[in-house]
Amino acid sequence: MSDDIPDVSEDVVGVLTKQIEAHFGIDMDHLKATVTAKPSAHPDATLVVKWHCLLTESQDALDRAEEDLLAALETQPSEVDDPTMDLAHRVNAAVTTRDGRALVVRWLLDPDAPGKKDLAAERLARARSRTGPAAPTSPAYRPAGASVPAPGPRAGRAMR
1 MSDDIPDVSE DVVGVLTKQI EAHFGIDMDH LKATVTAKPS AHPDATLVVK
51 WHCLLTESQD ALDRAEEDLL AALETQPSEV DDPTMDLAHR VNAAVTTRDG
101 RALVVRWLLD PDAPGKKDLA AERLARARSR TGPAAPTSPA YRPAGASVPA
151 PGPRAGRAMR
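All residue numbers for the sequence shown refer to the working numbering, where the first residue is 1 and numbers rise by one.
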């Protein structure tokens, strides 16, 4: 990008990085090192660091996509060809990904964010603490022609 045009996209990551540092009271590099050393010590910090890393990855992908698009546009005549339009779509997708991840980071940092204090948030917190596998969501596979066992003698009776 040109030196005289401010790079607003870097501000997204920079602003959120500063908010994370202010929220946890330490710089981002130290927070990442702390979370890497003991991820279970502070689950909220671990989650924020994870999403911050995803955010910076998506920002890098966006930067590459923009550079590729600008390079292609410099070689285009007045009409844009299909490969260049594909690059433009890649930039749009990268912006959407980056912005979505930025919203997640902002939500994680906001203690009063919608959904954090209601029943769904409590259920999510309990679900996160589970260590075993989730219950199966579909019936077990039975080959064609296999019979289903008849219910036992107590099936359908009310409990006394």
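One or more hints might be untrue.
[Unchecked claim] Derived DSS-like pairs: lysine-lysine, alpha-carbon spacing no greater than 27 Å straight-line:
hint, residue 1, residue 2
1, K117, K50
2, K50, K38
3, K18, K117
4, K32, K50
5, K18, K32
6, K50, K116
7, K38, K18
8, K116, K18
9, K18, K50
10, K116, K32
11, K38, K116
[As the list claims (entries may be wrong)] Quick list of the computed label-pair ranges, beta carbon to beta carbon:
hint, residue 1, residue 2, range
12, D86, K117, 36 to 46 Å
13, G25, E74, 23 to 33 Å
14, P114, D82, 15 to 25 Å
15, K38, K18, 17 to 27 Å
16, S40, D110, 21 to 31 Å
17, D60, A33, 15 to 25 Å
These are computed hints drawn from the structure, not numbers from a lab. Remember, it's a predicted structure, so these values are computed and weren't measured experimentally. A virtual CB, placed ideally from N, CA and C, is assigned to each residue, including glycine.
Outcome of the hint check:
no., hint, result
1, K117 / K50, "22 Å, holds"
2, K50 / K38, "13 Å, holds"
3, K18 / K117, "25 Å, holds"
4, K32 / K50, "9 Å, holds"
5, K18 / K32, "14 Å, holds"
6, K50 / K116, "19 Å, holds"
7, K38 / K18, "22 Å, holds"
8, K116 / K18, "22 Å, holds"
9, K18 / K50, "16 Å, holds"
10, K116 / K32, "24 Å, holds"
11, K38 / K116, "24 Å, holds"
12, D86 / K117: 36 to 46 Å, "44 Å, holds"
13, G25 / E74: 23 to 33 Å, "45 Å, violated"
14, P114 / D82: 15 to 25 Å, "41 Å, violated"
15, K38 / K18: 17 to 27 Å, "24 Å, holds"
16, S40 / D110: 21 to 31 Å, "23 Å, holds"
17, D60 / A33: 15 to 25 Å, "21 Å, holds"
The earlier numbered hints that this structure contradicts are 13, 14.
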